[in-house]
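Enquirer: Chains H and A, in that order, are what the protein sequence lines are.
Quick note: the first sequence uses my numbering, first residue 873, plus one each step.
Quick note: the second sequence uses my numbering, first residue 2, plus one each step.
Hints may be right or wrong, so weigh each one.
[Stated by the list, open to error] EDC-like, lysine to aspartate or glutamate: derived pairs with alpha carbons at most 16 Å apart:
(1) A:LYS62 - H:ASP912
(2) A:LYS123 - H:GLU993
(3) H:LYS989 - A:ASP129
(4) A:LYS58 - H:ASP912
(5) H:LYS966 - H:GLU979
(6) A:LYS123 - H:GLU1053
(7) H:LYS922 - A:GLU136
(8) H:LYS966 - H:GLU951
(9) A:LYS62 - A:ASP129
(10) A:LYS123 - H:ASP1055
(11) A:LYS125 - H:GLU993
(12) H:LYS922 - A:GLU82
(13) H:LYS922 - H:ASP912
(14) A:LYS125 - A:GLU82
(15) A:LYS105 - A:GLU136
(16) A:LYS125 - H:GLU1053
(17) A:LYS125 - H:GLU979
What the hints contain is simulated information worked out from the structure, not anything from laboratory work.
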Amino acid sequence: MAGLLKKKKRQEAEIPTASMADIAFLLLIFFLVTTTIDVDTGIGMTLPPKLEEDQEPPPVRERNMLKILVNAQGQVLIEDELASIQQIREEVKKHITNNGVDPNYAESPQKAVVSIKTDCETSYNTYIQVLDEVWMAYFELWDAEARKLGYPNYNAYRASLGPDDENQIRKIIPAQISVAEPDC
Amino acid sequence: MASQHFKKKAETKQGIPTASLPDIIFMLLIFFMVSTVLRETTVQVRTLLPRAEALTKIDQKRLLTYVYIGPHKKPDGRLGETRVQIDDALIDDLTLIRTIMYNKLLEQPKLIVSLRIDQDAKMKLVYDVQQELREAGTLRINYSARPEAPAS
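Isolated chain H (complex conformation) (with noise of 0.2 Å):
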């Protein structure tokens, strides 16, 4: 009897260790090859809701649009005056920026639509880089706001946002960009 329990005593049970850094080594080298760390990246947009059938889209008055035209060669119309692609991030900062002053551009920056309208040849990447310019005058008037409100820039002010926080910026300057249907 206590030969037995003697027995049972030395029987340690115990799994051996020392392979198991090998097994997790093996794991880890998997998932480090399989392993993709790319943050997609890209420009977000919100498309208009669909219309019903009779339903007109809202009216938004002349000034208060600034039209750029890209057509298939990759050239630019703003306002129907030629220009670059350069120089659409100046007009349209100037087109939110106007307040009223030249009759021209928008009233207000809330009021301020910018509208994109491409060729239906007209290539993808031609028309990012027209939007990317639009997006980057929105973004840099945007970094002006928040300097204003105490922030190094806008993206400063947004992680200083809490989840039910209104973005006040975006408010002023809200980004409304219209993608018309290609011309055929």
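Please build the complex by placing chain A on the supplied structure of chain H, with the hints as guidance.
Expert: Leaving out everything else, chain A in the frame of chain H:
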């Protein structure tokens, strides 16, 4: 003097304690397991993304669904005509997109459609796909783009 010095040196234990090694490895392992997204679809079209500057990061990968548009990669390596791919299927009839996307939206009401479009795609097709997305009610989209190449 010299012998004393040698003796002392011999007494110090050499070797790194390896008891915590599995823990460290496991920690790394768990990190990679969590961050890994195994690609479940094979993209059958070429999607060479355009470059842009005004990029935002999407950190909520769970909300994403992808639409690929680009020239079809043929088995012999040549490029065919521009096609649309959702999940694993190439879409012939664009009006099917609205059904597919509507069903996805029911599953995930905060759905973001990531458009991975080849830079040579034509705007007509892009616009038609967008109209289908409007029909489906998936209004949050994202044009996938690469960051601008560093100025040389």
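Enquirer: Measure nothing beyond the straight line between the CA atoms of LYS125 of chain A and GLU979 of chain H; if it is 16 Å or shorter, mark the hint as holding.
Expert: violated, 32 Å
Enquirer: Is the hinted pair LYS922 of chain H and GLU136 of chain A satisfied, with a Cα-Cα distance of at most 16 Å?
Expert: holds, 6 Å
Enquirer: Under the criterion that the straight-line Cα-Cα distance not exceed 16 Å, is the pair LYS966 of chain H, GLU979 of chain H satisfied?
Expert: holds, 11 Å
Enquirer: Hinted pair, alpha-carbon criterion (16 Å max): LYS922 of chain H, GLU82 of chain A. Please report holds or violated.
Expert: violated, 29 Å
Enquirer: Does GLU951 of chain H sit within 16 Å of LYS966 of chain H, going by the straight-line distance between their CA atoms?
Expert: holds, 13 Å
Enquirer: For the pair supplied as a hint, LYS989 of chain H and ASP129 of chain A, is the alpha-carbon distance within the 16 Å limit?
Expert: Roughly 14 Å separates the two Cα atoms, so the pair holds.
Enquirer: With a cut-off of 16 Å on the C-alpha distance, tell me whether LYS125 of chain A and GLU993 of chain H pass.
Expert: holds, 7 Å
Enquirer: Is LYS123 of chain A within 16 Å of GLU1053 of chain H, Cα to Cα?
Expert: Measuring from Cα to Cα gives roughly 13 Å; hence the hint holds.
Enquirer: For a C-alpha distance cap of 16 Å, please report whether LYS62 of chain A and ASP129 of chain A respect it.
Expert: Violated. LYS62 of chain A to ASP129 of chain A sits at ~25 Å, over the 16 Å cutoff.
Enquirer: With a cut-off of 16 Å on the C-alpha distance, tell me whether LYS123 of chain A and ASP1055 of chain H pass.
Expert: holds, 12 Å
Enquirer: Between LYS62 of chain A and ASP912 of chain H, is the straight-line Cα distance small enough, at 16 Å or below?
Expert: holds, 8 Å
Enquirer: For a C-alpha distance cap of 16 Å, please report whether LYS125 of chain A and GLU1053 of chain H respect it.
Expert: holds, 8 Å
Violated hints, listed in ascending order, are 9, 12, 13 and 17; each of the other numbered hints is respected by the structure.
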